[in-house]
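Participant: Using the hints, put the two chains back together into the complex; each one sits in its own frame.
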Amino acid sequence: MKELIEYIVKLLVDSPDEVQVTEYEGRTIVYELSVAEADIGKVIGRQGRTVHAIRTVLTAAAARQNKRAALEIIE
Amino acid sequence: MNPNTNPGGVSFAEAEADSKEEALTLAFEELGVDPDAWTDETFQGIQETAAEELGIELEDITIQILSEGAQGLVGLGGNLPSRPARVRVSIERREELLPEDILDQIVYLMGIDAEIYVDDRDDETHLTLETPDAAILIGRHGRTLDALQYLVNGMIRRVSSDSERRRIVVNAGQYREKREDMLIEMAHQLARRARATGREVELEPMSPRDRRTVHLALSDDEDVRTFSRNVGQGRAVVVAPRDRYVPDS
Numbered sequence: 001m002k003e004l005i006e007y008i009v010k011l012l013v014d015s016p017d018e019v020q021v022t023e024y025e026g027r028t029i030v031y032e033l034s035v036a037e038a039d040i041g042k043v044i045g046r047q048g049r050t051v052h053a054i055r056t057v058l059t060a061a062a063a064r065q066n067k068r069a070a071l072e073i074i075e
Numbered sequence: 076m077n078p079n080t081n082p083g084g085v086s087f088a089e090a091e092a093d094s095k096e097e098a099l100t101l102a103f104e105e106l107g108v109d110p111d112a113w114t115d116e117t118f119q120g121i122q123e124t125a126a127e128e129l130g131i132e133l134e135d136i137t138i139q140i141l142s143e144g145a146q147g148l149v150g151l152g153g154n155l156p157s158r159p160a161r162v163r164v165s166i167e168r169r170e171e172l173l174p175e176d177i178l179d180q181i182v183y184l185m186g187i188d189a190e191i192y193v194d195d196r197d198d199e200t201h202l203t204l205e206t207p208d209a210a211i212l213i214g215r216h217g218r219t220l221d222a223l224q225y226l227v228n229g230m231i232r233r234v235s236s237d238s239e240r241r242r243i244v245v246n247a248g249q250y251r252e253k254r255e256d257m258l259i260e261m262a263h264q265l266a267r268r269a270r271a272t273g274r275e276v277e278l279e280p281m282s283p284r285d286r287r288t289v290h291l292a293l294s295d296d297e298d299v300r301t302f303s304r305n306v307g308q309g310r311a312v313v314v315a316p317r318d319r320y321v322p323d324s
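Just so you know, the sequences run in chain order A and B. Residue 1 is where the first sequence starts when you use the working numbering, and the numbers rise one by one after that. Residue 76 is where the second sequence starts when you use the working numbering, and the numbers rise one by one after that.
Excised from the complex, chain B in its bound form (with noise of 0.2 Å):
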């Protein structure tokens, strides 16, 4: 399902059967789930599996009960004709792709069961995957988790409208976190490496986001400098020993 196709808006339908988890799934098969789908026969169950098939969130599916239905009943107070359970399902696609779910769907067939956490920090968005499967979606230095990133950040920039965008960051494993910590030590001591030989030390050309880390781990160095050299994919950082004023003495 190309979600492009697929523009927003309300769509519902209404089913009568037996007991009201199958006029559930029968008004969820006309909105288009497959008959196959279905696991989870609980009417919770029913509305999950709905939602997952439908690419959209559970708060986005709308459930009327217009009859709870009854069992046709023989016995001591006479005979109850059985009335058949009635729900109307009505779903809400939403206009806009969002990333998180674009990520989720991506992670989803590359055969990877992996949960979303999003959190919106300033001009980003953080989307973290928790899994078992880090390793796989991290990569070798970070390989496949930038390119996941690349990707999710490119289709936002293509779908939406929204003037205001924000980058989207993929996390995994607390990868970024640790890539951090690991530029800034790194940062430090190729600071010391240059305080100590006097001359300037050029880094590996690294993303402008890896190279803002560096520049700040070092702006408070009162003995380096750092500045960035080249241009597009093979700017580096180079840091460089401060030419200091040697007052007279």
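Looking at chain A on its own, in the form it has when it is part of the complex (with noise of 0.2 Å):
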């Protein structure tokens, strides 16, 4: 599942070499998703669509191999 963030971040970012997705395992897998500063705006979205739609597919993904994952962007 990283590398699915990491490859929907990458095509919605200007810079994707600064793309950076570090796991955490736990009950929830955490995914702390960090991009260059001025990409953070569009991962983001107008009203939080983008990466709303980014975790609704995450957790898609997750549900079917029956986990949980979590989504943060850290700046």
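Simulated from the structure, these hints should not be mistaken for lab results. A virtual CB, placed ideally from N, CA and C, is assigned to each residue, including glycine. There could be a bad hint or two in this list.
Claimed, not checked - Not close to chain B: a few residues of chain A, all C-beta gaps over 12 Å, as computed:
id: 1; residue: Glu-6
id: 2; residue: Val-30
id: 3; residue: Glu-32
id: 4; residue: Leu-33
id: 5; residue: Ser-34
id: 6; residue: Arg-49
id: 7; residue: Ile-74
Unchecked claim - What follows is a set of in silico ranges between Cβ atoms, one per label pair, in the way DEER data are often shown:
id: 8; chain 1: A; residue 1: Ala-70; chain 2: B; residue 2: Glu-116; range: 41 to 49 Å
id: 9; chain 1: A; residue 1: Glu-32; chain 2: B; residue 2: Ala-210; range: 42 to 50 Å
id: 10; chain 1: A; residue 1: Lys-67; chain 2: B; residue 2: Ala-315; range: 41 to 49 Å
id: 11; chain 1: A; residue 1: Gln-20; chain 2: B; residue 2: Glu-116; range: 17 to 25 Å
id: 12; chain 1: A; residue 1: Asp-17; chain 2: B; residue 2: Phe-302; range: 23 to 31 Å
id: 13; chain 1: B; residue 1: Glu-127; chain 2: A; residue 2: Thr-22; range: 27 to 35 Å
id: 14; chain 1: A; residue 1: Glu-3; chain 2: B; residue 2: His-216; range: 42 to 50 Å
id: 15; chain 1: A; residue 1: Glu-32; chain 2: B; residue 2: Glu-116; range: 36 to 44 Å
id: 16; chain 1: B; residue 1: Asp-198; chain 2: A; residue 2: Lys-67; range: 35 to 43 Å
To be verified - Stretch-level coverage of chain B by chain A, calculated; a stretch enters the list once three of its residues show a Cβ under 8 Å from a Cβ in chain A:
id: 17; segment: 175 to 185
id: 18; segment: 208 to 217
id: 19; segment: 222 to 230
Facilitator: Structure, rendered in structure tokens:
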């Protein structure tokens, strides 16, 4: 699922090389996403719609494996 | 692999081995296919695996067999020396990142096995996912499908320089058709209610596409008129009784 987040985010930002996803195992797998400062707005989107859509897709992928996942953007 | 850092163009490789299959494998490895990826070792199978690994279409691979190769033969006719097989492979990476390729990769990374059918209609491109896991891709009230659609549209808008961009519609398990039928039925039901009560009825906020479906469903209804109210995420259709002109009798 880390690859899933990376793939999606890299296609949304201007600096794909600066996209970093860190995975923290737990009851809920937490993914911390960091992107170039100038790209934060692109990942969040208007009214948070983009990050909401990424989370929805991530939740579906996690449910497929009977897992739970959360995505946090770190600034 | 990030398609952004992978510009289009043609690259090629040539390789020699005992069989043309082996030579083909070596050539593809030179072009960047993981040596552990091979499963099907037939000539066709190798191409298919390579296309998948490289993220390109089968028709973007050109193969020339420079020599079929020959097994060394010691026998009745004397000695025939063995000759290696030689192949040359060229692959073309398309400049343009296609919406179906993006969706295909996302769904694959979600761990879902799906085929994508592409259908261009007017100014829209419909991507239909055929999969036994349609329910997962649709999600509650179509939320996952809408999320996929939103992301693919956003990505295409970003990477495509094309001035006439097409709207991408993502569909699975006939969800969009069922939703449309449901909306049309609901529209008629609400029109009956507006007519019976003489009061307007406001629907839940909906996407522009869904609002359009409701407006169209009632465009021929002489008893009601429809319009949209509120802005942004809260925009909703209102079905109102039409003030009818009552002729003198």
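Participant: Determine for every hint whether it applies to the structure shown.
Facilitator: These are the hints, each one checked on the structure:
no., hint, in the structure
1, Glu-6, "8 Å, violated"
2, Val-30, "18 Å, holds"
3, Glu-32, "18 Å, holds"
4, Leu-33, "14 Å, holds"
5, Ser-34, "16 Å, holds"
6, Arg-49, "7 Å, violated"
7, Ile-74, "21 Å, holds"
8, Ala-70/A / Glu-116/B: 41 to 49 Å, "42 Å, holds"
9, Glu-32/A / Ala-210/B: 42 to 50 Å, "30 Å, violated"
10, Lys-67/A / Ala-315/B: 41 to 49 Å, "48 Å, holds"
11, Gln-20/A / Glu-116/B: 17 to 25 Å, "38 Å, violated"
12, Asp-17/A / Phe-302/B: 23 to 31 Å, "48 Å, violated"
13, Glu-127/B / Thr-22/A: 27 to 35 Å, "28 Å, holds"
14, Glu-3/A / His-216/B: 42 to 50 Å, "27 Å, violated"
15, Glu-32/A / Glu-116/B: 36 to 44 Å, "41 Å, holds"
16, Asp-198/B / Lys-67/A: 35 to 43 Å, "39 Å, holds"
17, 175 to 185, "holds (count 5)"
18, 208 to 217, "holds (count 4)"
19, 222 to 230, "holds (count 6)"
Violated hints, in rising order: 1, 6, 9, 11, 12, 14; the structure is consistent with all others.
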